[in-house]
Amino acid sequence: MTYTDATIWGIIAAIGLGSWAMRYSFMGLLGGRELPAWVLRHLRYTAVGIIPGLVAPIVLFPSATDGAIDPARLAAALVTLGVGVTTRKIFPAIIAGALALALGLSL
Amino acid sequence: MRTTSALFTQGVLSTLPFLMMVGPFGVLFGVLGTEAGLPIGQVMAFSAVIIAGAAQFTALSLMEDSAPAIICILTALAVNLRMAMYSATLAPFLGKAPFWQKAFMAYGLFDLNFLMADKKFREEIAWTVPQRAAYFSGTAIVIIVFWVAATFAGTVLGQALPEWLALDFALPLSFIAMVAPGLRTIPHVVGAAASVIFALLLAFLPFGLGLLGAALIAIVLAAETERRLA
Chain A
20 MTYTDATIWG IIAAIGLGSW AMRYSFMGLL GGRELPAWVL RHLRYTAVGI IPGLVAPIVL
80 FPSATDGAID PARLAAALVT LGVGVTTRKI FPAIIAGALA LALGLSL
Chain B
99 MRTTSALFTQ GVLSTLPFLM MVGPFGVLFG VLGTEAGLPI GQVMAFSAVI IAGAAQFTAL
159 SLMEDSAPAI ICILTALAVN LRMAMYSATL APFLGKAPFW QKAFMAYGLF DLNFLMADKK
219 FREEIAWTVP QRAAYFSGTA IVIIVFWVAA TFAGTVLGQA LPEWLALDFA LPLSFIAMVA
279 PGLRTIPHVV GAAASVIFAL LLAFLPFGLG LLGAALIAIV LAAETERRLA
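Line by line, the protein sequences give chains A and B.
The numbering used here puts the last residue of the first sequence at 126; the count rises by one with no breaks.
The numbering used here puts the last residue of the second sequence at 328; the count rises by one with no breaks.
The following block holds chain A by itself, in its conformation from the complex (with noise of 0.2 angstroms):
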């Protein structure tokens, strides 16, 4: 790392900005006002259609092992899933899939 002090205090700030900025958008911005119905239908999937695949690479591809696949993270992974499918339930799928993880690890 070859910063100044001053440079790094300036990254933080702008990202902390800038971050804040998005996250108060639309929710600051839009106030009141009701959004049309095909807006409000794809909203109803953006939790779906950004947490699959913000996870997938972390999964396949987990830096902790510099990249390569790691059955016990793969493993760990889809019991989880499967568990939160058929139980619906998210903490039977995280206890499962931290099992699954310890488990796998310690093979």
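Don't take every hint at face value.
[Unchecked claim] Heads up, incomplete: computed chain A residues facing chain B, CB under 7 angstroms, no partners named:
hint, residue
1, T26
2, I27
3, I30
4, A33
5, I34
6, S38
7, W39
8, Y43
9, S44
10, G51
11, V74
12, A83
13, R92
14, A96
15, G103
16, R107
Note that these hints are calculated values from the structure, not bench results.
Remember, predicted model here, so these are calculated numbers, not experimental data.
All C-beta atoms in this analysis are idealised placements derived from N, C-alpha and C, irrespective of residue type, glycine included.
The hints should help you fit chain B onto chain A, whose structure is shown.
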């Protein structure tokens, strides 16, 4: 009618179990930030000012490669662009809250409590704006405090933490567990599958733009599926 303070408490309590997942991620940032050579004050400022895990890790790894400052900033912000989509999704529920409340809720908006609120607000359709804001502020305050505290713990513990703890994987597992129960309609399954496939196909794009592109495609496909099935 439940009071706003009861809903604030409900927000706090329903977030607590997730802290076992947020904690390790925060600790990991503290460890890596210190290892990268940042003084404690700056590591803590990352977590208190930027307060967004994925963007922090992205900026830190670029800074370790001594990338130009503007690249660090723009890449971290691109990683955080999904927050604007969360903001749009919550706008119909929280848009009428007063400025200072929205300013605070924006500061405390994360993947975790977005997922919680997105589900809760659609279930509790009778909740008023102040009730929703109270619930959301409860979730936010817990994550804010714990994220900063966990980062501090990481700077102190440093390399004392054994690798088998797999700190990197706690949060991804909890995200899977939060999305999985919602995969009960065809549009949701289409959206999730498209999100995974296109995120992997577009992974070559710089600045995390692949995820954004994948998300947009997945959202459109899911909404279109819903429209055709209706």
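Structure-based check of all given hints:
For T26(A), the suggested interface contact is upheld, since its CB lies about 5 angstroms from the closest CB of chain B, less than 7 angstroms. At its closest, the beta carbon of I27(A) sits 6 angstroms from a beta carbon of chain B; the interface hint therefore holds under the 7 angstroms criterion. The interface hint given for I30(A) holds, since its Cβ lies 5 angstroms from the closest Cβ of chain B, which is under the 7 angstroms cut-off. Interface restraint check for A33(A): the shortest CB-CB distance to chain B comes to about 5 angstroms, inside 7 angstroms, so the restraint holds.
Contact between I34(A) and chain B, as hinted, is supported at the beta carbon level, the nearest pair being about 5 angstroms apart and thus within 7 angstroms. Here the hint on S38(A) is kept, as its CB sits about 5 angstroms from the closest CB of chain B, short of 7 angstroms. Given the 7 angstroms rule on beta carbons, the hint for W39(A) holds: about 6 angstroms separates it from the nearest Cβ of chain B. The interface hint given for Y43(A) is met, as the beta carbon of that residue sits about 4 angstroms from the closest beta carbon of chain B, less than 7 angstroms.
Checking S44(A) against chain B by beta carbon gives a least distance of about 5 angstroms; that is within 7 angstroms, so the hint holds. Annotation: G51(A) was flagged as interfacial toward chain B, and the flag holds, the nearest CB pair being 4 angstroms apart, inside 7 angstroms. A cut of 7 angstroms between beta carbons decides the hint on V74(A): the least distance to chain B is about 5 angstroms, and the hint holds. Hint on A83(A) holds. Least Cβ distance to chain B is approximately 5 angstroms, under the 7 angstroms limit.
Taking 7 angstroms as the C-beta cut-off, the interface hint given for R92(A) holds, the closest approach to chain B being about 6 angstroms. For A96(A), the shortest C-beta to C-beta distance to chain B is roughly 6 angstroms, which falls under 7 angstroms, so the interface hint holds. Interface hint status for G103(A): upheld, as the beta-carbon distance to the closest one in chain B is roughly 3 angstroms, under 7 angstroms. Against a cut-off of 7 angstroms between C-beta atoms, the interface hint on R107(A) holds, since the closest Cβ of chain B lies about 4 angstroms away.
Checked against the numbered hints given earlier, this structure breaks none of them.
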